[in-house]
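**Q** Given only the sequences and the hints, what does the whole structure look like? Please build it.
In case it helps, mature numbering (1 follows the signal peptide of the UniProt record, and there is no 0) puts the sequence shown at residues -19 to -1, 1 to 481.
Careful: at least some of the hints might be erroneous.
[Claimed, not checked] Pair by pair, the computed Cβ-Cβ distance ranges are:
id: 1; residue 1: Ala64; residue 2: Ser206; range: 54 to 60 Å
id: 2; residue 1: Ala64; residue 2: Glu345; range: 43 to 49 Å
id: 3; residue 1: Lys309; residue 2: Ala64; range: 23 to 29 Å
id: 4; residue 1: Lys54; residue 2: Glu88; range: 21 to 27 Å
[Said to hold, decoys possible] Each computed DSS-like pair below joins lysine-lysine, with the alpha-carbon atoms no more than 25 Å apart:
id: 5; residue 1: Lys147; residue 2: Lys217
id: 6; residue 1: Lys230; residue 2: Lys309
id: 7; residue 1: Lys197; residue 2: Lys147
id: 8; residue 1: Lys43; residue 2: Lys54
id: 9; residue 1: Lys97; residue 2: Lys54
id: 10; residue 1: Lys309; residue 2: Lys239
id: 11; residue 1: Lys415; residue 2: Lys441
id: 12; residue 1: Lys445; residue 2: Lys80
id: 13; residue 1: Lys227; residue 2: Lys80
Worth flagging that the hints you see were computed from the coordinates, not collected in a lab.
Glycine residues also receive a C-beta, built at the ideal position from the N, C-alpha and C atoms.
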Amino acid sequence: MATNRVLYAVAVSAACALATVTACDRDAAEAPPRSAPQAGSEEAVGFAHSLHEKVTVDNVVKHLSALQEIADKNNNTRAAGTAGFDQSVDYVVKALKDKGFDVQTPEFSFKYFQAKSLDLTVGPKKVDAGVLSYSPGGRVEGRLVPARAEESPGCTVEDYDGLDVKGAVVLVDRGSCPFADKERVAAERGAVAVIIADNVDENKTSGTLGEDSNPKIPVVSVTKSVGADLRAHPDKVVLNVDAETKDVKARNVIAQTKTGATTDVVMAGAHLDSVPEGPGINDNGTGTAAVLETALQLGPSPDVKNAVRFAFWGAEEEGLIGSTDYVKSLDVAALKNIALYLNYDMLGSPNAAYLTYDGDQSNEPDPNEIPVRIPEGSAGIERTEVAYLAEQGKKAHDTGYDGRSDYDAFSRAGIPTGGIFSGAEDKMSDEEAKQWGGKAGQPFDPNYHQAGDTLANVNKDALKINAGGVAYTVGLYAQSIDGRNGVPVHEDRTRHQLKG
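**A** The following block contains the structure:
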């Protein structure tokens, strides 16, 4: 998921930094039986099952092995802006072209951030911390001033009323506002640096302020427990950050079937890049491999009613940049021709969840979050994927539209979206462990955004189910976008061209 999608996603969508995962109030037993039409005709369901059978986990794992090998040869990363990413693009392009697809690789520019070193001491103690992407470098000193602990700490200038933060290093809890807002407010009040305390203890936070944030002071992050200790024992801070930001180019990969209606395009995508810290085999080699294998098994000229467009995005981890650039490049007419977008990001988490994006908005709204507008048709996509997972013996739970992956720009443009997700840094509940057979109290993916996100740590049982879900859903909508679980017809679609 995004650049610690946890962090930038907030800036992109003004949503909560962490995905809130709660159970749907659905009963898996109420899902349609295997033979029941779910988004159109019996023929569409039969085609979906046929494509599902062709997309095998063994072939998906072969793609993952290739991506792992690429990372192994390139400093254990496939991050956008690196040779590892370029070679990943070349691998996907070759596979599609060899199958007979016409392939485009539209280029885009973005600011590539690299943190070379970080040294943080508070009083006599050296503190483990992470640098947020696009943070300025430099050496600063100052007293530590904790901001008040509240729901939105350090998000407005008023949050520092009564506190002398001029020349200080401020400590703020993660909260729910964009991290760029925390930096901007602190800088306006005269602070020389910001330390953000995460809301979990597994790892120090990483992520991004956003490439357009233009931050003025260094921003680093620490775990929840470290933040609590610093708050209880404030002392003099010495912070030295060696980091740079440079302009680089990257590519998306786009391939569309030569058959099917081009006014009702079914689009499926996955981000191809990893974070700099690791090879990104679950995040998001699994989504890439599943979408790629679905494309290869469907072929460039299938007997389908609707054209299918496959996308492999660059720089998702830098802030959903590739997918957003692509959506911004489309005018209203082109956006209207996309019937729906399916997003697949993390399908083989070790302690796997079985989550579907909450298109029907069955989750109770969080009063601390800004409501997200969900395009008409998204509920039908969710019902389709919930029914598929029920067929596989898995009761789906909801995951919120928090802007943490590449569906975000499509949703904002008015395109119905959906997808399957196996979980990131959130912990599995007791109820979920009973339903799915995982480990309660442990993260869905303990290797999220780390060097340990390797092929050896991918849950292949979950991958088999979820990759099959990619094939099933693509196959179903390739034949029919009608019915209860369909999407609006062309003349009834509302689309918004994204600006900027």
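**Q** Can you name, in rising order, the numbers of the hints this structure does not satisfy?
**A** 1 and 13
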